[in-house]
Amino acid sequence: MAPKLDTAQMQRYWTKTSALMWTIFALWIFFSFVAPLFAVQLNTIRFLGFPLGFYMAAQGSLLAFVVLCVWNAISQNKIDEEFGVQED
Amino acid sequence: MADSKAAGGGFYGNLGKIYGGYAGGFIVFTLILAVLEQMGVPNKIIGYCFVILTIGVYAYIGILSRTMDLSEYYVAGRKVPALYNGMATGADWMSAASFISMAGGIYLGGFNALGYVLGWTGGYVLVGILLAPYLRKFGQFTVPDFLGTRYEGNGARLAGVLVLFCASFTYIVAQCFGIGIITSRFLGIPFEVAIFVGLLGILVCSMLGGMRAVTWTQVAQYIILIIAYLVPVVWLSTKKYGIPIPELTYGQALDQIAQLETKLGVVKHFTDAFTDAKGQFSWTEFNNFWALVLCLMIGTASLPHILMRYFTTPSVREARTSVAWSIFFIFLLYFTAPAYAAFAKLEVYQNVIGQPIASLPAWVQNWSQVGGLLTIKDGNSDGILQLSEFIINQDIIVLSMPEIAGLPYVVSGLVAAGGLAAALSTADGLLLAIANALSHDVYYKMIDPKASTARRLIVARGLLVGVALIAAAVAGTRPSGIIQMVAWAFSLAAAGLFAPLVLGIWWKRTTKIGAVTGMLSGFGVCLFYLVMTRYAPETFKGMFGTDLWFGIRNISSAVFGLPVAFGVTYVVSLMTPAPSKEMQNFVDSIRTPGGAVAAHTA
Numbered sequence: 012m013a014p015k016l017d018t019a020q021m022q023r024y025w026t027k028t029s030a031l032m033w034t035i036f037a038l039w040i041f042f043s044f045v046a047p048l049f050a051v052q053l054n055t056i057r058f059l060g061f062p063l064g065f066y067m068a069a070q071g072s073l074l075a076f077v078v079l080c081v082w083n084a085i086s087q088n089k090i091d092e093e094f095g096v097q098e099d
Numbered sequence: 131m132a133d134s135k136a137a138g139g140g141f142y143g144n145l146g147k148i149y150g151g152y153a154g155g156f157i158v159f160t161l162i163l164a165v166l167e168q169m170g171v172p173n174k175i176i177g178y179c180f181v182i183l184t185i186g187v188y189a190y191i192g193i194l195s196r197t198m199d200l201s202e203y204y205v206a207g208r209k210v211p212a213l214y215n216g217m218a219t220g221a222d223w224m225s226a227a228s229f230i231s232m233a234g235g236i237y238l239g240g241f242n243a244l245g246y247v248l249g250w251t252g253g254y255v256l257v258g259i260l261l262a263p264y265l266r267k268f269g270q271f272t273v274p275d276f277l278g279t280r281y282e283g284n285g286a287r288l289a290g291v292l293v294l295f296c297a298s299f300t301y302i303v304a305q306c307f308g309i310g311i312i313t314s315r316f317l318g319i320p321f322e323v324a325i326f327v328g329l330l331g332i333l334v335c336s337m338l339g340g341m342r343a344v345t346w347t348q349v350a351q352y353i354i355l356i357i358a359y360l361v362p363v364v365w366l367s368t369k370k371y372g373i374p375i376p377e378l379t380y381g382q383a384l385d386q387i388a389q390l391e392t393k394l395g396v397v398k399h400f401t402d403a404f405t406d407a408k409g410q411f412s413w414t415e416f417n418n419f420w421a422l423v424l425c426l427m428i429g430t431a432s433l434p435h436i437l438m439r440y441f442t443t444p445s446v447r448e449a450r451t452s453v454a455w456s457i458f459f460i461f462l463l464y465f466t467a468p469a470y471a472a473f474a475k476l477e478v479y480q481n482v483i484g485q486p487i488a489s490l491p492a493w494v495q496n497w498s499q500v501g502g503l504l505t506i507k508d509g510n511s512d513g514i515l516q517l518s519e520f521i522i523n524q525d526i527i528v529l530s531m532p533e534i535a536g537l538p539y540v541v542s543g544l545v546a547a548g549g550l551a552a553a554l555s556t557a558d559g560l561l562l563a564i565a566n567a568l569s570h571d572v573y574y575k576m577i578d579p580k581a582s583t584a585r586r587l588i589v590a591r592g593l594l595v596g597v598a599l600i601a602a603a604v605a606g607t608r609p610s611g612i613i614q615m616v617a618w619a620f621s622l623a624a625a626g627l628f629a630p631l632v633l634g635i636w637w638k639r640t641t642k643i644g645a646v647t648g649m650l651s652g653f654g655v656c657l658f659y660l661v662m663t664r665y666a667p668e669t670f671k672g673m674f675g676t677d678l679w680f681g682i683r684n685i686s687s688a689v690f691g692l693p694v695a696f697g698v699t700y701v702v703s704l705m706t707p708a709p710s711k712e713m714q715n716f717v718d719s720i721r722t723p724g725g726a727v728a729a730h731t732a
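Quick mapping for you: the protein sequence lines, in order, are chains A and B. To convert, note that position 11 of the first sequence is 22 in this note's numbering; the numbers rise steadily by one, no gaps. To convert, note that position 97 of the second sequence is 227 in this note's numbering; the numbers rise steadily by one, no gaps.
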């Protein structure tokens, strides 16, 4: 069984976890709202044979979401191990 | 297989072999039907084979997975590995709306409908970072369980059940509607009857084995639905451009569509962003786009039938990994959908419009008979089909595209089987979420806490059948289009559940009264806007002097409910005494994967 963290350690653990959450959250906002909402401007650029604005909403942002989820799983597992709170 | 499942060892060790063999078997089955088609077996028989044999397989898995164990029934014994839970979540997630309607929506709406593609994928980021691992650590049976524990009492539990019921029921009616369309078209029976035939398909999967049966049928259904969705698009991509990766080639289709749009005089271009019907940039479309994306994403992270899938993994770590697998499996379909839409559009522009109406192929006839979803009216009586004379419903684009493009009928049968898998798997997940909330949270936790295991399982099954019958009956009245009903469900769930779930984990100061009032007011505002603008638009206009607040359509009602839910929860929490030390310890204990969940009273 994982050792119980004292208050200070718990605080540090949660600060790190929160920092990761907010970083990914900010990128989520970027790919969900910022990039697609500039579609009119981006559509004037061609990318892989697509208008870029269309491409981002149809493929680019989706790819980014997959990467964000994988990144979250890997990084959070590392944080857990650093503090010794992973499951046995 | 039945014995090894019961024992738990052999089955879990051989998952790869079992499902690999199953996928191979399905491909062989499809190829045999393709050969039979070439030998002159009628289309009708091919359609029957796909629909009946796939439902038969699901029923078989459902019966093999029957159980009388509570943990197996509610959370599949918490033994589902991350990869398979990802597939099951994919099937649970991708419903008739994603499979049948989404590409159709893009076909009709162009860029503006990409809000669905974005909205139905990005939410998993929120599930992964905000909720899934923590709910898994909490480790009970249902989402209202969490609310009832964190917010100490039956008030929060009941409010949770209310929101869950409204959202999931709306959602399930849409699935029954989709199942009705497919069974009606491919079995050649009336829509109202077809719904109830499809219902049997839902019940055999979930009734006997609960979450365990649903999990293993959903994995099987994912495999069928993804093959079915990719085959026609990959085929067309190869046929048209010589490369079997549609996601790379449909840029060319978009160019051809743009040229044909000019030729046919279409003013609203396919790839243009935020344009209205006249092809002009519109702030209303712009606002509705981001509002829809927001509601669908937050709704993703609030829908209990999705969140409860992460209760079934063996550990918190696997729950996180499983979110990543889920979005990957879902992504495979979603980033193909716009290609599906583009190819369908190109086919219609090139090969349907401008043809003599008398010589249109048989699919036009066949689809015109399914409840007015396709109409062809020779407005100017010149015998030639004009663009404005061809009215196709978004719910049949995906199903009819293989025929429109002249692919063998076996591909149509395959797509129908895929659509059916998508609708059945989601309906099962939803049905289980509703029945579990009613049997576990309402009956066991609130009405009869002394009920025996056997009795609890009987009640759960009875409720399952009851809810399914009512949903099918409501679907028979054709309340609205599939995608619209599903979007309502997302808004309702988002407005009612997101704030209490997220704040319950991330803000220790959230109090019981704050959460309950926040939930009810957010959900209330959302429901009010939805119902009023949909069913009493005149009264709504009389009250506010406008048809819609800020022009936001009611599929995005949660845009108004969410800020209310968060605002009320925040203010009321600060006005009421902080949660007890025990509750704070409880929150700490679900924040770390290791260790026990701290004692809690409720």
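Honestly, the hints are just simulated from the structure, not real lab data. Where is the CB? At the ideal position from N, CA and C, for every residue including glycine. One or more of the hints may lead you astray.
Claimed, not checked - Interface residues of chain A toward chain B, partial, derived using beta-carbon atoms under 7 Å: (1) L63; (2) F65; (3) Q97.
Said to hold, decoys possible - Here are the simulated lysine to any residue pairs, SDA-like style, with alpha carbons at most 25 Å apart: (4) B:K370 - A:L63; (5) B:K638 - A:L63; (6) B:K147 - B:Y178.
Inset, instruction - Kindly indicate which numbered hints from before are broken by the structure, ordering the numbers from low to high. - result: 1, 5, 6
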